[in-house]
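Those protein sequences? They're chains A and B, same order as listed. Counting along the first sequence from 1, when you hit position 313 you're at 437 in the working numbering, and nothing is skipped either side. Counting along the second sequence from 1, when you hit position 127 you're at 251 in the working numbering, and nothing is skipped either side.
Keep in mind the hints are simulated off the structure, nothing from the lab. Owing to the predicted nature of the structure, the values given are computational and were not obtained by experimental measurement. Treat the hints loosely; a few may be bogus.
Copies of the same chain are indistinguishable here, so a pair counts whether it falls within one copy or spans any two.
Subject to a maximum C-alpha distance of 20 Å in a straight line, what follows is the list of computed EDC-like cross-link-like pairs (lysine to aspartate or glutamate) [what the hints assert, rightly or not]:
#	residue 1	residue 2
1	Lys144	Glu256
2	Lys353	Asp239
3	Lys350	Glu437
4	Lys358	Asp346
5	Lys392	Asp227
6	Lys309	Asp346
7	Lys300	Asp376
8	Lys136	Glu425
9	Lys349	Asp164
10	Lys399	Glu152
11	Lys392	Asp167
12	Lys399	Asp227
13	Lys428	Glu507
14	Lys484	Asp314
15	Lys136	Asp480
16	Lys279	Asp164
There are 2 protein chains.
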Amino acid sequence: MRDVAIIGVGMKKCGELWEKSLRDLYVESALDAIDDAGVDHIDSMYVGCMSGGLFAGQEHIGALMADYLGQTPVPATRVESACASGGAALRAGFLEVASGMSDIVLVGGVEKMTDVSGDEATYALATASDQEWEAFNGITFPGLYAMMAVAHMHKYGTTSEMLASVAVKNHANGSKNPLAQFPMKITVEDVLSSVMVADPLHILDCSPITDGGAALILCPADQAKKLAKKAGVKILGCGMASDTIAYHSRGDLTTLGAVVKAAGLAYKMSGKGPKEIQVCEVHDCFTIAEIIVSEDLGFFEKGKGGAAVKGGETAIGGKIPINTSGGLKSKGHPVGATGVAQAVEIVKQLRGECGDRQVKGARVGMTQNMGGTGASAVVHIMEVM
Amino acid sequence: MRDVAIIGVGMKKCGELWEKSLRDLYVESALDAIDDAGVDHIDSMYVGCMSGGLFAGQEHIGALMADYLGQTPVPATRVESACASGGAALRAGFLEVASGMSDIVLVGGVEKMTDVSGDEATYALATASDQEWEAFNGITFPGLYAMMAVAHMHKYGTTSEMLASVAVKNHANGSKNPLAQFPMKITVEDVLSSVMVADPLHILDCSPITDGGAALILCPADQAKKLAKKAGVKILGCGMASDTIAYHSRGDLTTLGAVVKAAGLAYKMSGKGPKEIQVCEVHDCFTIAEIIVSEDLGFFEKGKGGAAVKGGETAIGGKIPINTSGGLKSKGHPVGATGVAQAVEIVKQLRGECGDRQVKGARVGMTQNMGGTGASAVVHIMEVM
Numbered sequence: 125m126r127d128v129a130i131i132g133v134g135m136k137k138c139g140e141l142w143e144k145s146l147r148d149l150y151v152e153s154a155l156d157a158i159d160d161a162g163v164d165h166i167d168s169m170y171v172g173c174m175s176g177g178l179f180a181g182q183e184h185i186g187a188l189m190a191d192y193l194g195q196t197p198v199p200a201t202r203v204e205s206a207c208a209s210g211g212a213a214l215r216a217g218f219l220e221v222a223s224g225m226s227d228i229v230l231v232g233g234v235e236k237m238t239d240v241s242g243d244e245a246t247y248a249l250a251t252a253s254d255q256e257w258e259a260f261n262g263i264t265f266p267g268l269y270a271m272m273a274v275a276h277m278h279k280y281g282t283t284s285e286m287l288a289s290v291a292v293k294n295h296a297n298g299s300k301n302p303l304a305q306f307p308m309k310i311t312v313e314d315v316l317s318s319v320m321v322a323d324p325l326h327i328l329d330c331s332p333i334t335d336g337g338a339a340l341i342l343c344p345a346d347q348a349k350k351l352a353k354k355a356g357v358k359i360l361g362c363g364m365a366s367d368t369i370a371y372h373s374r375g376d377l378t379t380l381g382a383v384v385k386a387a388g389l390a391y392k393m394s395g396k397g398p399k400e401i402q403v404c405e406v407h408d409c410f411t412i413a414e415i416i417v418s419e420d421l422g423f424f425e426k427g428k429g430g431a432a433v434k435g436g437e438t439a440i441g442g443k444i445p446i447n448t449s450g451g452l453k454s455k456g457h458p459v460g461a462t463g464v465a466q467a468v469e470i471v472k473q474l475r476g477e478c479g480d481r482q483v484k485g486a487r488v489g490m491t492q493n494m495g496g497t498g499a500s501a502v503v504h505i506m507e508v509m
Numbered sequence: 125m126r127d128v129a130i131i132g133v134g135m136k137k138c139g140e141l142w143e144k145s146l147r148d149l150y151v152e153s154a155l156d157a158i159d160d161a162g163v164d165h166i167d168s169m170y171v172g173c174m175s176g177g178l179f180a181g182q183e184h185i186g187a188l189m190a191d192y193l194g195q196t197p198v199p200a201t202r203v204e205s206a207c208a209s210g211g212a213a214l215r216a217g218f219l220e221v222a223s224g225m226s227d228i229v230l231v232g233g234v235e236k237m238t239d240v241s242g243d244e245a246t247y248a249l250a251t252a253s254d255q256e257w258e259a260f261n262g263i264t265f266p267g268l269y270a271m272m273a274v275a276h277m278h279k280y281g282t283t284s285e286m287l288a289s290v291a292v293k294n295h296a297n298g299s300k301n302p303l304a305q306f307p308m309k310i311t312v313e314d315v316l317s318s319v320m321v322a323d324p325l326h327i328l329d330c331s332p333i334t335d336g337g338a339a340l341i342l343c344p345a346d347q348a349k350k351l352a353k354k355a356g357v358k359i360l361g362c363g364m365a366s367d368t369i370a371y372h373s374r375g376d377l378t379t380l381g382a383v384v385k386a387a388g389l390a391y392k393m394s395g396k397g398p399k400e401i402q403v404c405e406v407h408d409c410f411t412i413a414e415i416i417v418s419e420d421l422g423f424f425e426k427g428k429g430g431a432a433v434k435g436g437e438t439a440i441g442g443k444i445p446i447n448t449s450g451g452l453k454s455k456g457h458p459v460g461a462t463g464v465a466q467a468v469e470i471v472k473q474l475r476g477e478c479g480d481r482q483v484k485g486a487r488v489g490m491t492q493n494m495g496g497t498g499a500s501a502v503v504h505i506m507e508v509m
């Protein structure tokens, strides 16, 4: 297996971007990544996208993007794993370079979510749950994550203030990220007094509906210096795992088994452990998700994630800075792009390009992306070369 | 890059299967493939599926299938490339084994198309075309392929009888395939007197709407003998390419550039040429597609594909038997499964298991799968070990 490096990143500001289409969002970020890397061609490309069909009436998204990027006849494959589509696309691109099939591979993610009504978007997102046992009976994702929050509160004493602390931290980070959709700072009081969506989750506990794209250029690590304009970031570990798609089928409602498994695979492959991770982007689709994931990745003892974020341990300057980009909460959550956007932030952190939100001296970082209520999870560990 | 072999295949009869759900279709064929290979576990899995969202209100199809197959926590990734989703999934599984990341990989394809109305199915399929320039203006796939037929007739003198000959041959083959959706034999007169869908394509020039699934087990070629119950089939060549998604953007309307390119890559990788292919499954979504593809794969001179099929050169016993399974036309076209189903047929042919429709002595075979009007194409060349 060849070693693989990320040598270019591209991303535009997330938001409700009515003037940009699905194809614009992908192409703009891809062109930025190609320019950032300084490569003059690509050999193959991937597109992470959750539901082009339901959000934009468009499937066949790989070929579409190859066409609009002016890159035909390169192979172009779309990968879907709900909100982990971007992470799964990164893994697919990693495997293509690792195998020796291609040298320069573009991995992008995209979602255009605001051209449909709120009800239609909620329906489209609910297709990440078990259609026959969850969505069909009317439950949507805020409800599912609310149950996760209640279970964690019941078992470990996690509080609404702890949940709110995730949002407060991520908005503080996002306020320093020019790409963030909602860069305003908020307080714990703001969160607790915001509209209740699904008890105990207020609207400020939830990530937004977002249009956005993000892209990466991958190449064999031993060609990074020759090909790239900037320092390469080597992918040390790549783990992916699945769990029951229905949340009610899990043995334990307060842990995400696929996250534990995917992280275990990535740690093993990389030879690194949780203590060696210096900056991490996690999938905070709801505030409770970040708390549980921060435990399941091994950063905190089970049940202590809430106290950790409230105590500032995951802030920039803390024990393990989490979601320096603002996370899904503040930066935005264009579902198919999110896993790729996480890698964009970590690459920038490891290259020391994050300005006000830079984690000083960070050389090893991690991304954790998941789909549904954690039925898919993808974890990557990276180190600057 | 490690050599990769297919060591198990699974598939059930295609049809309008109201008693089977999306998940049933995948799981049944996957269990058959696992049983056929004789393996006791899998390390990773792929699902080719075009539009779970529009056909079944279900995305996140990788995790769904891992769950219902009882295979969590293995990594499970859905791949989409319109009607080439199955071929693209096979390529992804191939790369995972070739890279060394996993040893035993399940590659399945599935589509559940008959739970929606005909109009909804037509809309879902049209999302494989350019939504903004083709589908939005009302054109659907029979119309696009009808234009392709008219262009080929105009340039090369291809006739309606030649088109009909594709359907006649494929139904003759399908009549010998117990898995075929429409196994009845038909005549040229039947085709020409059937309802006109989009001039010059009659309904018997068109592949049907189908529920179905198909699956393969892949492993490193050097482990095939140890792992498998039957002879392994080595993947010698794997080529994929893209073209403009909109048909009107092509320079030449009578050739499919992505097919030419993908075949070129697969021939180069395999060290084989068109003359060494002994049996081939091609993407006959419409009769004209088989004629053009048979030329673009190098089996016949450009413009001679129609005469070749009319003259019996692509029948079993002819120069190059094409679509011995019955093809999409007679066997059925569950879009996301088709590329995998093609490989199921070729593996069975190369293992000598095809009974009445066996191509005698076949050792080298090919699959050609495409999406849209050929904006994606995937070609695999295989040889029995």
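Hints versus structure:
1. Lys144 - Glu256: between (34 Å within a copy, 13 Å between copies)
2. Lys353 - Asp239: For lysine 353 and aspartate 239, neither the intra-copy (37 Å) nor the inter-copy (52 Å) Cα distance is at most 20 Å.
3. Lys350 - Glu437: Neither: 39 Å inside a copy, 51 Å across copies.
4. Lys358 - Asp346: within (10 Å within a copy, 30 Å between copies)
5. Lys392 - Asp227: Between. Shortest inter-copy distance 17 Å satisfies the 20 Å Cα cut-off; intra-copy 25 Å does not.
6. Lys309 - Asp346: neither (42 Å within a copy, 58 Å between copies)
7. Lys300 - Asp376: neither (37 Å within a copy, 51 Å between copies)
8. Lys136 - Glu425: This pair counts as neither: shortest intra-copy Cα distance 36 Å, inter-copy 48 Å.
9. Lys349 - Asp164: within (15 Å within a copy, 43 Å between copies)
10. Lys399 - Glu152: neither (36 Å within a copy, 44 Å between copies)
11. Lys392 - Asp167: Between copies only: 16 Å across, 30 Å inside.
12. Lys399 - Asp227: For lysine 399 and aspartate 227, the Cα distance exceeds 20 Å both inside one copy (32 Å) and across copies (30 Å).
13. Lys428 - Glu507: neither (27 Å within a copy, 56 Å between copies)
14. Lys484 - Asp314: Classified as neither; 30 Å inside a copy, 75 Å across copies.
15. Lys136 - Asp480: Answer is within; shortest intra-copy Cα gap is 18 Å, inter-copy 58 Å.
16. Lys279 - Asp164: Neither. Shortest intra-copy (54 Å) and inter-copy (37 Å) distances fail the 20 Å Cα cut-off.
Hints 2, 3, 6, 7, 8, 10, 12, 13, 14 and 16 from the earlier list are contradicted by this structure; the remaining hints agree with it.
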